[in-house]
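Listed in order, the protein sequences are those of chains A and B. Start counting the first sequence at 0; every next residue gets the next number (numbering that gives the first Met the number 0). Start counting the second sequence at 0; every next residue gets the next number (numbering that gives the first Met the number 0).
The set of hints was computed from the structure by calculation and includes no laboratory data. Just so you know, not all the hints are guaranteed correct.
Chain copies aren't distinguished; within one or between two, either way the pair holds.
Unchecked claim - Mimicking DSS-like on lysine-lysine, the simulated pairs with C-alpha atoms at most 25 Å apart in a straight line are:
| # | residue 1 | residue 2 |
| --- | --- | --- |
| 1 | K193 | K223 |
| 2 | K78 | K106 |
| 3 | K193 | K106 |
| 4 | K193 | K153 |
| 5 | K242 | K223 |
| 6 | K106 | K66 |
| 7 | K106 | K287 |
| 8 | K21 | K56 |
| 9 | K56 | K153 |
| 10 | K148 | K193 |
2 protein chains.
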Amino acid sequence: MNLIDGKKIAAEIKQEIALEVKKMIDKEERPPHLAAILVGNDPASETYVNSKAKACKEVGFDSSTYKFESNIEEEELLKTVEFLNNDPDIDGFIVQLPLPDHIDEQKVIQAISPRKDVDGFHPENVGRMTIGLPAYVSATPNGIMELLKRSDMKTAGKNCVILGRSNIVGRPVSILMSRTTEPGNATVTVCHSKTQNLAAITASADILIVAIGRPEFVTADMVKEGAVVIDVGIHRVPSAKTKSGFRLIGDVKYDEVAPKTSQITPVPGGVGPMTIVSLLMNTLRARKNEIYP
Amino acid sequence: MNLIDGKKIAAEIKQEIALEVKKMIDKEERPPHLAAILVGNDPASETYVNSKAKACKEVGFDSSTYKFESNIEEEELLKTVEFLNNDPDIDGFIVQLPLPDHIDEQKVIQAISPRKDVDGFHPENVGRMTIGLPAYVSATPNGIMELLKRSDMKTAGKNCVILGRSNIVGRPVSILMSRTTEPGNATVTVCHSKTQNLAAITASADILIVAIGRPEFVTADMVKEGAVVIDVGIHRVPSAKTKSGFRLIGDVKYDEVAPKTSQITPVPGGVGPMTIVSLLMNTLRARKNEIYP
Numbered sequence: 000m001n002l003i004d005g006k007k008i009a010a011e012i013k014q015e016i017a018l019e020v021k022k023m024i025d026k027e028e029r030p031p032h033l034a035a036i037l038v039g040n041d042p043a044s045e046t047y048v049n050s051k052a053k054a055c056k057e058v059g060f061d062s063s064t065y066k067f068e069s070n071i072e073e074e075e076l077l078k079t080v081e082f083l084n085n086d087p088d089i090d091g092f093i094v095q096l097p098l099p100d101h102i103d104e105q106k107v108i109q110a111i112s113p114r115k116d117v118d119g120f121h122p123e124n125v126g127r128m129t130i131g132l133p134a135y136v137s138a139t140p141n142g143i144m145e146l147l148k149r150s151d152m153k154t155a156g157k158n159c160v161i162l163g164r165s166n167i168v169g170r171p172v173s174i175l176m177s178r179t180t181e182p183g184n185a186t187v188t189v190c191h192s193k194t195q196n197l198a199a200i201t202a203s204a205d206i207l208i209v210a211i212g213r214p215e216f217v218t219a220d221m222v223k224e225g226a227v228v229i230d231v232g233i234h235r236v237p238s239a240k241t242k243s244g245f246r247l248i249g250d251v252k253y254d255e256v257a258p259k260t261s262q263i264t265p266v267p268g269g270v271g272p273m274t275i276v277s278l279l280m281n282t283l284r285a286r287k288n289e290i291y292p
Numbered sequence: 000m001n002l003i004d005g006k007k008i009a010a011e012i013k014q015e016i017a018l019e020v021k022k023m024i025d026k027e028e029r030p031p032h033l034a035a036i037l038v039g040n041d042p043a044s045e046t047y048v049n050s051k052a053k054a055c056k057e058v059g060f061d062s063s064t065y066k067f068e069s070n071i072e073e074e075e076l077l078k079t080v081e082f083l084n085n086d087p088d089i090d091g092f093i094v095q096l097p098l099p100d101h102i103d104e105q106k107v108i109q110a111i112s113p114r115k116d117v118d119g120f121h122p123e124n125v126g127r128m129t130i131g132l133p134a135y136v137s138a139t140p141n142g143i144m145e146l147l148k149r150s151d152m153k154t155a156g157k158n159c160v161i162l163g164r165s166n167i168v169g170r171p172v173s174i175l176m177s178r179t180t181e182p183g184n185a186t187v188t189v190c191h192s193k194t195q196n197l198a199a200i201t202a203s204a205d206i207l208i209v210a211i212g213r214p215e216f217v218t219a220d221m222v223k224e225g226a227v228v229i230d231v232g233i234h235r236v237p238s239a240k241t242k243s244g245f246r247l248i249g250d251v252k253y254d255e256v257a258p259k260t261s262q263i264t265p266v267p268g269g270v271g272p273m274t275i276v277s278l279l280m281n282t283l284r285a286r287k288n289e290i291y292p
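Excised from the complex, chain A in its bound form (with noise of 0.2 Å):
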């Protein structure tokens, strides 16, 4: 069994990004600017928030924060996100959800331009990776194919089963692997939780995508001799022998199904490292006019 080594080689892409920085630097080219609209004082959208601008910092882009009070009306959510549409400065911009009760999340995510929506979120970036023209592909999705590429994973042929149909992840990564590019051209099974017979399906996957959100959900017997196993759930759960009273783990049974695994990613340390590293790769791309010429 082999780790795929989310945090080694999500470092790797960093010093990469920092490398091209650089040379935009030397060239006395503005370097790429990400910006994010954080509403409220949710913990954790705070210290997501926190770890972009930081990672932006590591590798010497550009962020901002655009902050405001959770009471912030609709209207003037939407005119911020028509300041950062219109500010040439800025090449794409996040809003971090979950946003209030009161503001519509699609209306918002509808309101960012296609070409500075750099979370992949909006209709017709979602289309364009659905029907195989460049695009903004969100983090997840595109943390996982990045993995894959990076590990020098052949996918061509395979069956894949994706476990889980979530916008975020299930559906796009089941549409990347089974597209015409590397990696993709698998053979491609989306579970969810009207499938029958799961065990059964799971267990003929070469390739075993987990997104469905549930504690160790994967045993062993689910799990084919040789499969190679990704896991996108993350999970705080109470521990007696950490210093912090808990230890995080996957939607899969690790202890008992990595040594049945050829490759298998931790949790943590395996997607979760290549998500903001997504963000960073999507920003360059926007500063570079790649996606939307």
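Fit chain B to the known structure of chain A by using the hints.
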């Protein structure tokens, strides 16, 4: 074995649409108006556009066709698209494909306002469909879903195998079949040219949707006893038995497959008749501002 009679279902839907149009006219409202842009003299394209105009007439829609020589400049075509985007009397329009080589097809498709894109080819409509928002879904996948719905097919939890991953059939129907609404909730596998052990996979399907574009590709050994088979293919082959000298066949070897199935679409008279009806349904939705209020 029961036939899924696309011709009959299409006729029923046309009647329903005609009734709704009659009510509009009785209330002195304007009937739906579908326009088509036709470039060049491809006989198949001319036939399609004429059929669409004829179908409009049958249900009481207005229709208009904008015809251009095959040497039209892209610029001029884009101006026509813009004109139709802004004409308040036109609810939806299509650009008949294929376009001549000197014209960038994607550029033209993306110039169509998503609100009037009743063919459902604009990335924004594809994206909206992918994430489960109201969307114009393109004719063939929309027609297949409507066939299933009107045949009272229970699809939840069923194994659905799709042969083909094209942007106009395989990909969208795979998304629609695995989404959370009915028909849907199936466990969907997408197969294609790189798929290995294809016959074993298709033989596991409760619902087999074939859109691979190869005459009589699916044989009896590839189909499970009691399966539902939807045949999207349509091919004209020489025949000594018909007056015309040819006959139409599908992607499925009907004579040997049909007896094994519980339900199957014939060719012709299965999926085919549903496509134009889907376009009418989308145009009616456009008239009522159902997708984009």
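Requested in this report: Using 25 Å as the alpha carbon limit, work out where K21 and K56 are close: within a copy, between copies, both or neither.
Outcome: Close inside one copy (12 Å), not across copies (64 Å); limit 25 Å.
Query raised in the report: When no copy is named, should K193 and K223 be tagged within, between, both, or neither for a Cα gap of at most 25 Å?
Result: Intra 22 Å, inter 21 Å, cutoff 25 Å: intra and inter.
Report task. Could you figure out if K106 and K66 sit no more than 25 Å apart (CA to CA) within one copy, between two copies, both or neither? Result -> within (19 Å within a copy, 37 Å between copies)
Report task. If the cutoff is 25 Å on CA atoms, where do K56 and K153 land: within, between, both or neither? Let me know, please. Result -> Result: close neither inside a copy nor across copies, 34 Å intra and 53 Å inter.
Query raised in the report: Taking 25 Å as the upper bound on the Cα-Cα distance, should K106 and K287 be classified as within, between, both, or neither?
Result: Between copies only: 21 Å across chains, 27 Å inside a chain, cut-off 25 Å.
Query raised in the report: How would you classify K242 and K223 at a CA-CA limit of 25 Å: within, between, both, or neither?
Result: This pair counts as neither: shortest intra-copy Cα distance 35 Å, inter-copy 56 Å.
Query - Identical-chain pair category, K193 with K153, by Cα at 25 Å - result: Result: close only across copies, 12 Å inter versus 30 Å intra.
Query raised in the report: Taking 25 Å as the upper bound on the Cα-Cα distance, should K78 and K106 be classified as within, between, both, or neither?
Result: within (12 Å within a copy, 29 Å between copies)
Report task. Please work out whether the CA atoms of K193 and K106 approach to 25 Å or closer within one copy, between two copies, in both situations, or in neither? Result -> Cα proximity of K193 and K106: none, with 30 Å in one copy and 39 Å across.
Query - Up to 25 Å CA-CA - K193 versus K148, copy category - result: between (31 Å within a copy, 18 Å between copies)
Checked against the numbered hints above, the structure breaks hints 3, 5 and 9 and satisfies the rest.
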